[in-house]
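Below are the chains, spelled out letter by letter.
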Amino acid sequence: MNDSAVITKAENKQVDDSAVDLKDTCPNCTHCGTAITDGGKAVFSNNGDTFCCWGCETVYKILKKGNFPLINRPSASLPEYDFLDTESFLKDYSVSVDDNRSMRFFIEGIQCTACLWIIDQIPDWITQVENANLNMSQNTLLVTLKEPGYFGKVASVLSALGYKAYPVKSLDEAKHFQKKENHQQLKRLGVAAACSGNIMLFSFSIYSGLKGQMAGMFGYLNLAFFLPILFYCAQPFYTNLWRSLRAGRPSIDLPIVAAVIIGFVLSLLNLIRGNEDFYFDSLSILILLLLASRYFLSRTQQTFINSSYMQTFIESQVCQRWNSESNEYDKIPARHLNVDDKVLIKEGERVPADGIVLNEWVNINPSILTGESLPQKLFKDSVIYAGTQVVAGYAKILVKQTTGNSRIGQILKKVEEQIYNKTPLISLTDKAAQYFSIFILVAGALFFSFYINVDLTEAVKRTLALIILACPCALAFATPLTQSLSLRKAAKKGYLIKNAESLEKLNYVKNVFFDKTGTLTQGQFEFLTWRAPRVEGSGNFSPDQEALDAIYSIEVYSQHPIARALVKYLEGKGVKKLAVHSLTEIPGSGISGTIDDNNYKIVSALPAENDRDDSDIISSLIYIYKNEKLIVSACLGDKLHSDAKQTIVQLDSIGIKTHILSGDKSIPVSSVAKKLQIANEQFSSNLIPEKKNEIINNFPDSLMVGDGANDSLAMSSDNVSIAVQGSVESCLVAADIYVTREGVSPVKDLILLSKNTFDVIKRNLVFSFVYNFAGGLAALLGYISPLTAAILMPVSSLVVLSSSAMGTKFLRRFNKINFSLNN
Amino acid sequence: MTILYVIIPIAIFLVSSFVFFFLWAVKEEQFDDLETPAHKMLIDDWNDKPEKVKI
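Chain order of the listed sequences is D and L. Residue 789 in my numbering sits at position 773 of the first sequence; the count goes up by one each step and never skips. Residue 38 in my numbering sits at position 52 of the second sequence; the count goes up by one each step and never skips.
The hints are simulated quantities; they were obtained by calculation from the structure and are not laboratory data. Some hints could be false.
[Unchecked claim] In silico DSSO-like cross-links for lysine-lysine, where the CA-CA straight-line distance does not exceed 27 Å:
| no. | chain 1 | residue 1 | chain 2 | residue 2 |
| --- | --- | --- | --- | --- |
| 1 | D | Lys508 | L | Lys26 |
| 2 | D | Lys227 | L | Lys26 |
| 3 | D | Lys655 | D | Lys589 |
| 4 | D | Lys505 | D | Lys771 |
| 5 | L | Lys13 | D | Lys195 |
Bear in mind the structure is a predicted one, so any value in this text is a computation, not a measurement.
Whenever a hint applies, use it, and build me the whole structure from the sequences.
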């Protein structure tokens, strides 16, 4: 019996080794064959297979086993998704058509065709599901149910498949607007393309030297095709200009509209006078390119993680309230709770309101509110806060503050206010456009007043040529194009950036503030390592199988979260359960029991101030005694992300300072800081959410990286912010960027991407200014004929366009090489 | 040169039919999701067109 256990252990070890080997050599997905370049997202199964995503893993399992007992899984209906089916939630988030009801979810973790396939199977598994439509470009899933069906069940199945589903608000009037707006833009683009293509064709004959009546006919044809562009396609520029003028800030639309209107009037006059100097073709191409680049930018910016689509769900959560009339618990949404209600919260659920504990004890995880890594034990009469999670036991509480007025409720309210009042960034291109348009108008006016004495018609003609030629193409469409290429690139890697403004803000970042729990660390309490009794630095010590079995058999009876973490680790090691007798709980979180006449005592304790392990952050120790003799101790804690150290070194090498802001106690924070070599004045602990916000506001050009509700206030400030994978909803709403990849290395990637993008934009600006300045000067001197102007404008556009397209590609590679040299 | 009197109406006809079909396609929401259909065609047993749901 003992032998077989040893063999299993050996096999396990082998599998572990091979998995590590595979990871190092960048393996291919066992199912779809895609090379796995992104180690953080890879899935390693028990028998050595690797997959690129959960979808592939699941599909592979189905194909292998034939029958997949998904629906019978215990997790097929999780209580945390109960709120999806409450009436008040359905009212806001679902739409009812005939007998069907639909709801839209934002899905985290969609990667490839296998994901699409597996989600398409959902209607076969859950009979009430009529339809499950996945939109991969927006990562949304539209689920339609036959009544009576439960969205909670669908969300639970999705979570069993390894995806995380966030419901998004149904497209009511305001949201429908965005879709309409997209269609409107696309229609304008199509019409502009059709008309400008034909105008180019008709203009060709005039460039070839056609004169006289025929030329006039083509002129009028040009005019006919230009009218829809002028009155329909170019409309957004007029409204934007009007808006920016009213705000007192001339934008890039000013020179564009000036060029279009003046060019049109000039061409019309020439046409009537029987002259062949038309600008219809140049203008229509200009508008087409502008519309196209703006459309692409706006499409890449539309993610569903937006404050208008997502809400914090703590108020919608279902909780159990004691009904004194019927003497049982009623299920009601948390927002209907009143002061002095009694509520029951089971293990795994979140506390819905601030209150007082009524039962003997409960273990809670306060990390969402305080960032504290260690589970807390609360006793009778102590205060319990909304948002914290019950991890062991259960809680009966007396509500003292309703959900909306609770500590977390107030933080969320402030977050909303701050998001609403965010000061917009005046972007680089807007600033450049302001100076540029003023400069051109002044130069034009000066020239006109000077030349009017020489020749009136020539003065009008040359001034107008200047304004048309000087219209800064690079500013107008190369910038949005570069930005949208970068946003797209980021989205492909799983970084969802809400808007181009955030991308620009990243470029100016000088200080990065990290939250600790869940951001720099993995946020889970787990087993780290064994430690030999009384021998310091004993390396890879491990207790024998007998001791492992004994520890497991005793700890399995303990309710303590630290014991649970140890049990979870041991279960993966193939231990067996032995018979235990005279089991006793030792007051002060310990347990003892007797197995085969040997008495075991297991006691947990906090580590000493100076007790740190090089490898990880120990926040708790468990001592195991056999017959009163210490045989081994176990270290438990929160693991650092494997890429944390490297990321901070790399950020340092590009001159960005790293700080830690944590609500946790000073010991774990300082040990993390020491491990990451962060200087003493650059980390602070025991911070309340308001304090975090205050600190970050003292540093202009800062970046906040976090995951918990306690970070969301700091994230909603004027500074740019990143929510890491696994963040709570309030963070997704508050943050400018959401990362769906594990770890913190995306922070560095994003900053580099932003820097690259702005290098390209600046290069385009310089080129465009030089080009326009030379062109404008030539126009004033009278060297530019309509034909040359018509050729010069698209040429300059082509140059900046290819510069943006190539720039985002090559600069990236260059930086990669730079980095490998630095390290 | 009289050929122009045939070619130009043809050009106008072509452009207006392009615009007409393009606007129709936009209205049919064919450009709303450019990614999923590309993946869907890779799935062998994809035979039924999913019903359009208005939301």
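Assess, step by step, whether the Cα of Lys227 of chain D is no farther than 27 Å from the Cα of Lys26 of chain L, and give holds or violated. Distance of about 55 Å is beyond 27 Å: violated.
request  = With a cut-off of 27 Å on the C-alpha distance, tell me whether Lys13 of chain L and Lys195 of chain D pass.
outcome  = holds (11 Å)
- Going straight from one Cα to the other, do Lys508 of chain D and Lys26 of chain L come out at no more than 27 Å? holds (19 Å)
Q. Regarding the pair Lys655 of chain D and Lys589 of chain D, is the alpha-carbon distance no greater than 27 Å?
A. Within the cut-off at roughly 19 Å; holds.
If you draw a straight line from the CA of Lys505 of chain D to the CA of Lys771 of chain D, is it 27 Å or shorter? Distance ~14 Å between Lys505 of chain D and Lys771 of chain D Cα, so the pair holds.
In summary, the one numbered hint that this structure violates is 2.
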